[in-house]
Amino acid sequence: MKKLVIFDLDGTLLNTIADLGAATNYALKQCGYPVHPISAYPRFVGSGISKLIERVLPESCRTAEEVGRLRPYFFEYYGEHMADDTTPYQGIPELLGQLTQRGVSVAVASNKYQEAVEKLIGKYFPDIPWAAVEGQKDGIPVKPDPSIVFDILGKCPTPKDQVLYVGDSGIDMETARRACVESAGVTWGFRPVSELREYFADNIVETTGQLLRIIV
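Counting in my numbering, the sequence shown runs from 1 upward without gaps.
Take these hints with a grain of salt, some might be off.
[As the list claims (entries may be wrong)] Listed below are the simulated DSS-like cross-link pairs for lysine-lysine, each with C-alpha atoms no more than 30 Å apart in a straight line:
#1 29 x 3
#2 155 x 29
#3 51 x 119
#4 3 x 155
#5 51 x 137
#6 3 x 137
#7 51 x 123
#8 123 x 2
#9 2 x 119
#10 160 x 119
#11 29 x 2
#12 160 x 29
Hint data in this document are derived by calculation from the structure and do not stem from the laboratory.
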């Protein structure tokens, strides 16, 4: 049985893609760039907001200066609209409730900026006693650097063989590998199953029921 489960946020706990895409498109429009269909955004997200903005810009415009010019517009829009179309994935609230009832600690490790992570977790999972809620912070490298996992383990000390890291992307699987904890890749998120396999997911699950059986 696992004692600590660390969840990625976007594409794992919450389907945030429509609101992320809308905020990014708003920033693109404000700066005179063409926008992208929301269906294109799953391949853009996953490495933090700066990298998201860099990826949506035309290749010749992917400079630090242009990313910096778009960032305030993204935050302006996303701060007001981050929960317009965001929803928990099917079975996630129930899974979190079952885990905490069984004494399993749960935590969040996200490349989304800290303020947004806290707001979304507070809105959608207000009754869950999170052991840690960690997002992207200035001066801390983003995943797949394992620092965020080590920060969580500092707040919730747990033997690594009793930890499971759950995410939807190759970045998540690599984060778990670098942190030397077991990984579970979920198929309901933003990335294809082939990416989870490419990054050597220890487990691949299609439902929260399958995930629960791995944990308990």
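Is the hinted pair residue 3 and residue 137 satisfied, with a Cα-Cα distance of at most 30 Å? With a Cα-Cα distance of about 26 Å, the restraint between residue 3 and residue 137 holds, given a limit of 30 Å.
Given the hint that residue 51 pairs with residue 137, does the C-alpha gap stay at or below 30 Å? holds, 14 Å
Given hint residue 123 paired with residue 51 - CA-CA distance at most 30 Å: Holds, at about 26 Å.
Compare the distance between the alpha carbons of residue 160 and residue 119 with 30 Å, and conclude whether the hinted pair is satisfied. holds, 29 Å
Below or equal to 30 Å on CA atoms is what counts here, so check residue 155 against residue 29. This hinted pair is violated, its Cα atoms lying about 41 Å apart.
Does residue 3 pair with residue 155 here, judged by a C-alpha cut-off of 30 Å? It holds: about 14 Å lies between the C-alpha atoms, which stays within 30 Å.
Does the structure keep residue 2 and residue 119 at a Cα separation of 30 Å or less? The given pair, whose Cα atoms are some 27 Å apart, holds under the 30 Å limit.
Can the restraint linking residue 160 and residue 29 be considered satisfied, given a maximum Cα separation of 30 Å? violated, 45 Å
Does residue 3 lie within 30 Å of residue 29 when you go C-alpha to C-alpha? With a Cα-Cα distance of about 46 Å, the restraint between residue 29 and residue 3 is violated, given a limit of 30 Å.
Would you mind confirming whether the straight-line C-alpha gap from residue 29 to residue 2 stays at or under 30 Å? Since the Cα atoms of residue 29 and residue 2 sit roughly 46 Å apart, the hinted pair is violated (cutoff 30 Å).
Within 30 Å, alpha carbon to alpha carbon, are residue 123 and residue 2? holds, 26 Å
CA of residue 51 to CA of residue 119, is that 30 Å or under? holds, 21 Å
The structure fails hints 1, 2, 11, 12 (numbered hints given earlier, in ascending order).
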